[in-house]
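**Student:** Sequence:
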Amino acid sequence: MTEYEASFYDWKEKRLHHVTLNFPLYQSVEEVWIGVDQDAAVGAAAAYVSDKPVVVYGTSITQGGCASRPGMAYPNLLSRKIPYEFINLGFSGSGKGEPEVARTIASIRNPAMFVVDYEANVPSVEHLAETLPIFIHILRERHPDAPILVVNRIASAMERLDPELHQLLIDRRNVQHTTVERFRDAGDSNVHFLDGRTMLGDDYPEECTVDGLHPTDLGFLLMSRSIEPVIRKLLQM
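Heads up, the sequence shown is in the numbering used here, so the first residue is 5 and it goes up one at a time.
I should point out that these hints are in silico values taken from the structure, not numbers from a laboratory.
Careful: at least some of the hints might be erroneous.
Each computed DSSO-like pair below joins lysine-lysine, with the alpha-carbon atoms no more than 30 angstroms apart [unchecked claim]:
1) Lys16 to Lys100
2) Lys237 to Lys56
3) Lys237 to Lys85
4) Lys85 to Lys56
5) Lys18 to Lys85
6) Lys16 to Lys85
7) Lys100 to Lys85
8) Lys56 to Lys100
Pair ranges (Cβ atoms, derived) [unchecked claim]:
9) Ser128 to Trp37: 43 to 53 angstroms
10) Thr108 to Met5: 28 to 38 angstroms
11) Asp189 to Val234: 34 to 44 angstroms
12) Asp189 to Trp15: 49 to 59 angstroms
13) Asp166 to Val33: 36 to 46 angstroms
14) Ser72 to Glu145: 36 to 46 angstroms
15) Glu104 to Phe12: 32 to 42 angstroms
Cβ atoms here follow ideal geometry from the backbone N, Cα and C, with glycine treated the same way.
Model the full assembly from the supplied sequences, consistent with the hints where possible.
**Tutor:** As structure tokens, this is what we get:
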């Protein structure tokens, strides 16, 4: 077991401070000790505006893979801007939209909304076309009023060099958009689509990803800035 000690803050002014600890993205934590000055007091954090969590399901991108620190994962960035609890269910390499996973996620009590962001792990367009409608249906069956936001993956730097990859990602994007429109045409106006391909702007190959896919801190920041107003609107904030 690895142990280490770090001094995070040394405030000179004695007043109440709000501190958020983001635990490691890829390492379990068995025990945490937090030390404060003898004359300091520790109290409860400010309450969320709702007891309903925002549930985000996806891949290593959702999890925060390649962020320089845990607080830079886009769901964590969003959680500091939007006063709701965010449940990050990003699974590196394993976010494939299985119905068993959907049923487990649907068992979360009283969610404010769902964000579905698993395209980057699917093996094929056909897999995405097969799993996404079932995934949404399972969530909707258990939570008839919760907004469901489908987000396709960010653009890839390799697309500029690989026309086949570019077309593949366009096809995947279209499958997700079409799936959402079918739900809306069938009367479910609370299923929504956000085009992740627009979130990084034109600078993504050079500045916004580590390897053409996983975002840098800048990439995560741009993602959060694109998603935040959509979530605020769906939560009626």
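**Student:** Could you run down the list of hints and mark each one as holding or not?
**Tutor:** Structure-based check of all given hints:
1. Lys16 to Lys100: It is violated: about 49 angstroms lies between the C-alpha atoms, which goes past 30 angstroms.
2. Lys237 to Lys56: holds (16 angstroms)
3. Lys237 to Lys85: holds (14 angstroms)
4. Lys85 to Lys56: Roughly 16 angstroms separates the two Cα atoms, so the pair holds.
5. Lys18 to Lys85: The given pair, whose Cα atoms are some 25 angstroms apart, holds under the 30 angstroms limit.
6. Lys16 to Lys85: holds (26 angstroms)
7. Lys100 to Lys85: holds (28 angstroms)
8. Lys56 to Lys100: holds (25 angstroms)
9. Ser128 to Trp37: 43 to 53 angstroms: holds (47 angstroms)
10. Thr108 to Met5: 28 to 38 angstroms: This hint holds: roughly 29 angstroms between Cβ atoms.
11. Asp189 to Val234: 34 to 44 angstroms: violated (21 angstroms)
12. Asp189 to Trp15: 49 to 59 angstroms: For Asp189 and Trp15 the Cβ distance comes to about 55 angstroms; the hint holds.
13. Asp166 to Val33: 36 to 46 angstroms: holds (39 angstroms)
14. Ser72 to Glu145: 36 to 46 angstroms: Holds, since Ser72 and Glu145 (Cβ atoms, about 39 angstroms apart) stay within the stated range.
15. Glu104 to Phe12: 32 to 42 angstroms: holds (39 angstroms)
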